[in-house]
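Here my numbering is used: the first residue of the sequence shown is 373, the next is one more, and so on.
Hint data in this document are derived by calculation from the structure and do not stem from the laboratory. Heads up, the beta-carbon is just placed ideally off N, CA and C, and yes, glycines get one too. Watch out, some of these pointers could steer you wrong.
[Stated by the list, open to error] Quick list of the computed label-pair ranges, beta carbon to beta carbon:
#1 Ser-520 / Glu-428: 32 to 42 Å
#2 Ser-519 / Val-388: 14 to 24 Å
#3 Pro-452 / Leu-488: 13 to 23 Å
#4 His-522 / Ser-588: 23 to 33 Å
#5 Leu-525 / His-489: 19 to 29 Å
#6 Gly-672 / Pro-738: 14 to 24 Å
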Amino acid sequence: MVALTTATLLMLILTVAFNTVAGHRLQHQADDELRTRAAAVATTIDTSGPTVRVLETSHDDLLDANVWIYAGHRLLEGPPGAGPLNRITAQLAAQLATQPATQPGHPDRHCTTADLHTPLQLCAQPVPGGQSTATVVTALDLTPYRSSAHTLLVGSLALDAVMLACTYALTRLAVGRALRPVRTMTDQAAEWSAVASEERFGSTRHPAELAALGASLDSILDRIRSLLRHEQQLTGELSHELRTPLSRIIAELDWWGTRPRTAAQTRATHQVIGDAAESMRTICDTLLADAREHTPTAPGIAEVVPTLRRLTELLDVPTHLTITVEGPHLTTGIPPARLERIASPLLTNACRYARSTVTVHAHPTPDGVRLDVIDDGPGVPTEFTAHLFEPGRRANPDDGHTGAGLGLPLARRLARSAGGEVSYDAGHAPGAWFVITLPPGGVTP
373 MVALTTATLL MLILTVAFNT VAGHRLQHQA DDELRTRAAA VATTIDTSGP
423 TVRVLETSHD DLLDANVWIY AGHRLLEGPP GAGPLNRITA QLAAQLATQP
473 ATQPGHPDRH CTTADLHTPL QLCAQPVPGG QSTATVVTAL DLTPYRSSAH
523 TLLVGSLALD AVMLACTYAL TRLAVGRALR PVRTMTDQAA EWSAVASEER
573 FGSTRHPAEL AALGASLDSI LDRIRSLLRH EQQLTGELSH ELRTPLSRII
623 AELDWWGTRP RTAAQTRATH QVIGDAAESM RTICDTLLAD AREHTPTAPG
673 IAEVVPTLRR LTELLDVPTH LTITVEGPHL TTGIPPARLE RIASPLLTNA
723 CRYARSTVTV HAHPTPDGVR LDVIDDGPGV PTEFTAHLFE PGRRANPDDG
773 HTGAGLGLPL ARRLARSAGG EVSYDAGHAP GAWFVITLPP GGVTP
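All chains should be built: construct the whole structure from the sequences, respecting the hints.
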């Protein structure tokens with residue numbers, strides 16, 4: 373529409389200018405015709421004597437057509453015919469012959485235009501002489517000139533319409549072809565975002581005008597893929613962490629429903645279920661708070677050894693296994709719930725694979741608090757050490773233990789978000805040795 377409006381204004385200006393110039397040009401041609409005829413008639417007039425004489429020449433009929441010759445107010449010669457139109461024209465010629473010259477550029481000449489049966493232009497031009505003067509009045513039918521002007525106007529308007537139609541069609545075609553790649557890229561971006569595809573626009577060639585658009589769409593697709601990965605990770609971590617307290621609730625309900633229980637046993641069951649539910653709520657709050665972007669770790673102080681002992685009580689520990697938690701009275705600068713979420717996957721794995729003992733040793737360091745989680749199990753295979761903290765990876769998926777390979781990555785991510793770290797000592801044998809470092813919260817002697 374912008375292109376069409378601009379073209380319309382331009383064509384309108386050009387049409388007006390063209391027809392104005394053409395009208396002036398046709399008027400100039402009519403004036404030249406009258407002037408030429410008046411000059412030809414003036415050659416047949418003799419003004420050298422006391423009276424004006426009209427000389428007879430050959431082809432008088434051609435010269436006398438629409439020509440009047442006056443000597444002052446006296447008509448010497450006029451065109452043949454006595455119809456009403458000729459009489460009106462003769463009257464106009466007589467008036468014109470007695471008026472002073474007013475035409476610009478020709479001080480000795482004046483003209484007028486009359487719209488009678490046909491449009492006429494009459495011009496009076498004095499004939500210079502000696503002792504007497506004469507005036508030649510010539511008339512010209514303007515119908516052919518006006519017809520030409522009208523034809524030019526209609527033709528230019530028709531040309532304008534054709535040009536505007538072509539402009540609209542070509543502009544629409546050009547804009548459509550220019551926007552076709554944009555439409556294609558939009559459809560591809562919508563498809564790729566729906567299936568989290570790895571394809572990107574930067575891998576294919578595009579016109580320079582679309583390069584920036586492709587880069588922007590690639591950035592949006594990368595963010596969408598990152599959000600989807602983050603969502604999948606959060607879902608997996610929640611299901612992983614909630615499985616243990618949920619199993620405790622189911623087990624207590626099954627045990628309580630097998631046979632009638634005393635009031636004390638019922639209260640104990642309710643207490644276990646309540647603790648498990650509270651643990652589930654704490655897990656959800658901790659993981660969701662950590663998942664929020666740009667949300668710093670909530671400040672808090674956790675007593676390390678009591679928190680770890682309480683955590684071991686909540687774990688499903690096999691009867692043949694002994695868990696030892698030792699160390700001075702230490703505090704760390706993170707909330708107890710976050711400490712439990714960091715240590716829980718390591719203790720769960722240690723209890724799962726240990727043969728007889730699991731030891732947790734806490735001690736202060738110059739930079740904070742260090743926790744060593746040691747078991748006497750088979751340890752981590754050497755070839756799997758590099759993938760130990762990758763989400764969804766397990767050393768032996770067919771070992772008979774349930775798990776999704778999300779516990780250790782979650783523990784490391786939570787520790788790092790609090791300014792700590794979770795690492796594995798590959799040189800320890802036999803068994804596995806994991807190290808947790810946390811920010812300090814103070815040491816109580």
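Each hint tested on the structure:
| no. | hint | verdict |
| --- | --- | --- |
| 1 | Ser-520 / Glu-428: 32 to 42 Å | holds (36 Å) |
| 2 | Ser-519 / Val-388: 14 to 24 Å | holds (20 Å) |
| 3 | Pro-452 / Leu-488: 13 to 23 Å | holds (18 Å) |
| 4 | His-522 / Ser-588: 23 to 33 Å | violated (57 Å) |
| 5 | Leu-525 / His-489: 19 to 29 Å | holds (23 Å) |
| 6 | Gly-672 / Pro-738: 14 to 24 Å | holds (22 Å) |
Consistency with the previously given hints fails for number 4 only.
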